[in-house]
Structure formats: structure tokens, C-alpha cells
Amino acid sequence: MKKKNIIQFSITMILSLAILFNMALPVGAAVENDLGKIVDGSELTNKQFSESIDRSVMRGNILNQGLAKITNNGDGTVNIYGAILGSVTCDKMTLKLTIQQYKNGGWYNYGTYSDVGYNTSSFSRSYNVSVASGYYYRVKGACVAQKGSTTESKAPVTDGIWIG
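Numbering-wise, this note's numbering puts 106 at position 110 of the sequence shown, and it's gapless, one number per residue.
By construction, these hints were calculated from the structure, which means they are not laboratory data.
By construction, the Cβ of each residue, glycine as well, lies at the ideal position given by its N, Cα and C atoms.
One thing to keep in mind: the hints can contain errors.
[Stated by the list, open to error] Listed next, the in silico EDC-like pairs over lysine to aspartate or glutamate satisfying Cα-Cα at most 20 Å (straight line):
1) Lys92 <-> Asp111
2) Lys92 <-> Asp50
3) Lys99 <-> Asp50
4) Lys33 <-> Glu47
5) Lys88 <-> Asp71
6) Lys65 <-> Glu39
7) Lys33 <-> Asp111
8) Lys65 <-> Asp111
[What the hints assert, rightly or not] Label pairs and their in silico Cβ distance ranges:
9) Lys88 <-> Ser129: 15 to 25 Å
10) Gly101 <-> Asn57: 33 to 43 Å
11) Asn115 <-> Arg51: 19 to 29 Å
12) Ala128 <-> Asp36: 17 to 27 Å
13) Asp87 <-> Ile49: 36 to 46 Å
Using the sequences and the hints given, assemble the complete structure.
Written out as C-alpha cells, the structure is:
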């Protein structure tokens, strides 16, 4: 009788562990072998960082360029960075960085961070963000400069980096 109970207990434990293991797997996670695929203008890469600079061929009246960057910190976090570079001192510069996660074939907003600078010709911010592993991440920037009644903007978007 004891041998039968031990076998039943062992089978129950194995099944329980199998169920728990399957529940721990991320649903809809991107696959690292999507590497090189281009989705909504961003390449899926296994690089340590990705940077995008949005600048005009012609110099703007008040805004020269906007920059967005994402870096894998290697500890379950990424650093997202954005910068606005003006050609003059502006009344106001607004920087909005949206980190996006690639899953189920598309990009989904994961978090948004923003800040404002006043009476400056350049403005930058950096944020460390905890992310789930097993996905690609990218950053979309919104860089806006205002001086008087003039408003100009840039929208840099990085490639996706794999966080394993």
C-alpha cells in the first residue's frame, strides 16, 4: 500500500511542477530568432544599445535635432535617454520618451516618461526602467521646442534591442 501512495505522490508532484513551469513562461513573448526583422520601421537587434537622431537636412528655426537611445544595463533594466538640441535659447523644451515592448507581432507601450526644461537651448533626461526578459524593447521620443509662437518637433525612434 505504501508503494502505491509514493507512486501517486510522485506523479502528482511531477504534474504540479510541470503546470507551474508552464505558467511561469511568458505568454506571447517575442522570439529571439525574430532577429533582423523590421517592424514598424525598427529592426529587431541583439545589440547592447540603439540610438536614433532625428535631424533635418536644413537647420530648423529653433530646433536642430532630437535624440532617443536605449541601452541594456544587463541587470533586468534598460536605460532610456533623450535629448533636444536647439539652435537658439527656447522658452520651453518638452521631452517625452515612450518605451515599447515587442510582442504578438507589434509594439506596445510599456511606459512613458516626460519632463520639461525652460529657457534653454538643450535639454536631456535619462531613466532606468525595469523590464521583463524575453522581449525586444525600443524607445520613441517626442522632442518639442517652443519659442514665442514658434513650435518645432522631432520624433526619433530606436531599433529594438533584445533583453534575454
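Okay, the hints, checked on the actual structure:
no.	hint	verdict
1	Lys92 <-> Asp111	holds, 7 Å
2	Lys92 <-> Asp50	holds, 14 Å
3	Lys99 <-> Asp50	violated, 26 Å
4	Lys33 <-> Glu47	holds, 17 Å
5	Lys88 <-> Asp71	violated, 35 Å
6	Lys65 <-> Glu39	holds, 14 Å
7	Lys33 <-> Asp111	violated, 32 Å
8	Lys65 <-> Asp111	holds, 16 Å
9	Lys88 <-> Ser129: 15 to 25 Å	violated, 38 Å
10	Gly101 <-> Asn57: 33 to 43 Å	holds, 40 Å
11	Asn115 <-> Arg51: 19 to 29 Å	holds, 23 Å
12	Ala128 <-> Asp36: 17 to 27 Å	holds, 20 Å
13	Asp87 <-> Ile49: 36 to 46 Å	violated, 24 Å
Hint compliance for this structure: hints 3, 5, 7, 9, 13 are not met, and every other hint is.
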